[in-house]
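Residues per chain, in single letters:
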Amino acid sequence: MMTFVGKRILHLIPVLLGISILVFFLLHLIPGDPAMTLLGQEATPEEINRLREVLGLNEPLYIQLLVFLKNLALGDLGTSIFQDVSVLSLILTHLPATLELATLALLIALLIAIPLGIVSAVKQFSWVDYVSMFFAQLGVSMPVFWLGVLLIIGFSVNLNIFPSFGRGEPLVESILMTIQSGNLFYIIDSLKHLILPALTLGVMSAAIITRMVRSSMLEILNEDYVRTAEAKGVRSFWIIMKHAFRNALIPVITIVGLQFGNLMGGAIVTETVFGWPGIGRLIITAISQRDFPVVQGCVLAIALLFAFINLIVDILYAVINPKIKSN
Amino acid sequence: MKKRNIFSKWLLCLGLLVLIVVAGCSYEDPESESAGSNSDQNEGEEAGSDNSTSNSKSSSNSVANKINVGLDVDAGTMDPRLSRDTSAKRVVEIVYDGLIRLNANLEPQPSLATDWENPDATTWIFTLREGVTFHDGEPFTAEDVKYTFDTILDPDFKAPYASLYKPIDSVEVIDETHVQFNLKEPYAPLLTYLDVGIIPKHVAEKGDSLSSNPIGTGPYKMIEWKKNSKITFEANKEYWGGEPTTGKIVYNIIPDNTTRVAALESGDIDFVHSPLSPQDISRIKANKDFKVVETQGLGFTYLNFNTEHEILSDVKVRQGIAHLINKEVISEDIYQNMDKPGKSPLIPASWAYSDEITGFEFDKEKAKKLFADAGWTDTNNDGVLDKNGKNLSITLSTHSEDPNRIQIVEYLQNVFTNNGIETEVLTNEWPTFSTSLMEGNFDIGLVGWLNLVGPDRSMYNQFHSESGSNYGGYDNARVDELLEEGRRVLDQSKRTEIYQEAAQIVTEEVAYDVLLYQGYIAMYNKDLQGFDIHPTGSLYGLKDAKITK
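Residue numbers (the numbering used here), protein chains in the order written: chain A, 1 to 327; chain B, 1 to 549.
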């Protein structure tokens, strides 16, 4: 197992290097540069040129790339041109917010998708199946920002149950604060802030995972060993959970892993609608300002996370199906 | 099966443990507690000054000690010398004081400077307020003023608005309470631009970053900044202008226009202001729980004509195009009257404004005649005007961030096409679009100017042939002369004449076609009292506001 993990981590290096170089060139090839956005519309060409000089933007592109890679190798992601703080500190304040949101969104998605998927497979062509497939279709086709606004109008403006925007204390911190002070306010406040954005973000994944669970279950339920188990008189609940679901999990885990990656990236819209201080919004703002170091750093951080999730998915395969490990 | 049993036992234990912990917990909002005690304090003070309210202490008439404001973007930096975005300005104006502060009519009022005089046209002497301290307790002195402007003028400091202060030659400290500005040439607009926050020299020199830890002399101190989430301020009890009425102000960063207004409706925030979506405004106006106040803003939205373009260099073509634009339709149908039809680069909020400079009315026949005068007629009957075998074709460009501006260019494309102009629309995100503007690589661009605190600000950079923001390459010797004179002459009535003449010329020659005067709108909780709207969008007035329920 260790060599497997070690190899995978080694594979990461060329991937991340490739991504860095690609992002670097993409950013430098599109028009507009930070000096212009930094100095605003009233700046003279001389002022812009002087700032470009200070920022090192007048160097040939390959020199800039080498400087960037050298700093990267030294673990230095640079400083934000606009905010005057290190890119690493920006990532460290914004990435946990997105992770928190994506994790809860995935949790919600799984809580909806797994029971719904199993039931619609077991009761194929029943009304339960039709209703859940209708919602799965709806979930995939609903625009995220629209659902978000709808939830805000329903639950914040009209019912006044959940806050309409923003983040409470970080969830982990709020749990610690609650334990320390014995005041449930912290954790409930954090969850109240989380619930609408997580639901918005999770619905589409729920829809996709439901369909995956359903089709995967349908396939397994038709296998011989399921029929044998039935013939042996095993209770149908255990057949579904132990014999069928466990085997149906492999493709589901793949899709869940991919979904988690999507949630990290797809959080941009949700974060904007709910004013959630996550990394998606950080990237969008940085792109519109041409804050090169921030964009590069954030993309790298997300790529690293994505690769890490894939690694976990692969390890999970091996745990669920020992045959894969021996291969 | 055995394994499963052990697992479920563990689960049961864990569940019980959580239950015990939860049962031992309480539930109370720690903030509401402190706000409650503070509001008692406030009421106590009021009761002392006014007997009639002395019984209100236990009644429902309580004062909330916090005002929640919704803003569209996070501040980039809180250093007043470096601030660029509107949110940074909203922070700076309550944390810092400038030498002057502009009132709602954009006239300079004493702030850290109590008085000023001009011994001659290139010398300004400011008398400074005594007994003012920074938030860290250190006294404010003339040295801080000198340091602030010295750094702004330092080219390596990258101050975005340095060009506004370029005519300053040096700043001298006369004594503790007097500073002298020596100018290279007479510069009338200077006073208006001296509202930039004065920073503490002793902090900046230590190398401490004022970008994220602002220390000013203003009515509020910043106590917490959660990036992209919220900024919290606490009242400066020692403020020279009197202690602010409300103890805390929170700027909540909510990027989405719709969510920001929904947050107002749900009661999560108390105050929102422009930029707003026109569609949301009528809904809030109809709701009795909110107050909506409108005033003329300090910006205009305009079409920038590239006067170096081979077709548009002909003034008759530009005038013809101007005749095709129905500004009322744009104002009413796209902006739902939030922004009003524009006339000239002088905005109504300015003392130099004249409503006699009007531009070109919507008249298709006049447009057709002007095009014909310039030699553009439809010779081959294909519906497109042509001259010497070439079609009259232009590109209308704008940026993609503002859906209303996209609607304007699409509407204009439709009108232009129906009147024989082959029109292409190009929308790009802001950095790409603004680069094309600055490089002069456009035909007609739809853009806006903000924060036009005086006529110099709305004309010099835009129309002087040698200035940075004259993207369309407009060049008129008389306009150059007038704009320079406007900077030299100190008398306001003379300056009014000068700017009106210049505005008349540029409007006549259609360097710009000013489509809209931007409105400024604030919408707030009806219980918020004592707030005066300011055309710059300044929230300094919140220091005298409170929420009474």
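Each hint should be verified, as a subset may be incorrect.
What the hints assert, rightly or not - Okay, derived cross-link-like pairs now, EDC-like style, lysine to aspartate or glutamate, Cα gap no bigger than 16 Å in a straight line:
(1) B:Lys-166 with A:Glu-46
(2) B:Lys-66 with B:Glu-234
(3) B:Lys-248 with B:Glu-238
(4) B:Lys-226 with A:Glu-173
(5) B:Lys-227 with A:Asp-84
(6) B:Lys-369 with B:Glu-356
(7) B:Lys-158 with A:Glu-173
(8) B:Lys-158 with A:Asp-84
Stated by the list, open to error - Reference listing, derived: stretches of chain A covered by chain B, where coverage requires no fewer than 3 residues with Cβ under 8 Å from a Cβ of chain B:
(9) 8-16
(10) 127-140
(11) 201-209
(12) 232-239
(13) 243-253
(14) 258-267
(15) 281-294
Derived from the structure by calculation, the hints contain no laboratory data.
In this text, a Cβ means the ideal position worked out from N, Cα and C, and glycines have one as well.
Tested hints:
1. Of the supplied pair hints, the one linking Lys-166 of chain B and Glu-46 of chain A holds, its CA atoms being roughly 14 Å apart against a limit of 16 Å.
2. Between Lys-66 of chain B and Glu-234 of chain B the CA atoms are separated by roughly 9 Å; this keeps the pair inside 16 Å, and the hint holds.
3. Restraint check: the Cα-Cα separation between Lys-248 of chain B and Glu-238 of chain B comes to about 15 Å, which is no more than 16 Å; the hinted pair holds.
4. For the proposed pair Lys-226 of chain B and Glu-173 of chain A, the alpha carbon gap of about 15 Å is at most 16 Å, so the pair holds.
5. For the given pair, Lys-227 of chain B sits about 13 Å from Asp-84 of chain A by alpha-carbon distance, which is consistent with the 16 Å threshold.
6. For the proposed pair Lys-369 of chain B and Glu-356 of chain B, the alpha carbon gap of about 24 Å is over 16 Å, so the pair is violated.
7. Taking the CA atoms of Lys-158 of chain B and Glu-173 of chain A, the gap is about 38 Å. The hint is violated against a cut of 16 Å.
8. With a C-alpha separation of about 12 Å, the suggested pairing of Lys-158 of chain B with Asp-84 of chain A holds against the 16 Å cut-off.
9. Check on the stretch 8-16 of chain A: 0 of its residues sit with their Cβ under 8 Å from a Cβ of chain B, so the three-residue criterion for coverage is violated.
10. Counting residues of the stretch 127-140 of chain A whose CB lies closer than 8 Å to any CB of chain B gives 0, which falls below the minimum of 3, so the coverage claim is violated.
11. Counting residues of the stretch 201-209 of chain A whose beta carbon lies closer than 8 Å to any beta carbon of chain B gives 0, which falls below the threshold of three, so the coverage claim is violated.
12. Remark: the stretch 232-239 of chain A is not confirmed as covered by chain B, as 0 of its residues place a Cβ nearer than 8 Å to a Cβ of that chain, below the required three.
13. Evaluation of the coverage hint for the stretch 243-253 of chain A: breached, as 0 residues show C-beta separations to chain B shorter than 8 Å, against a requirement of three.
14. Under a criterion of three residues with beta carbons nearer than 8 Å to beta carbons of chain B, the stated coverage of the stretch 258-267 of chain A fails, only 0 such residues being counted.
15. A stretch counts as covered by a chain when three or more of its residues have a beta carbon under 8 Å from one of that chain; for the stretch 281-294 of chain A and chain B the count is 6, and the coverage holds.
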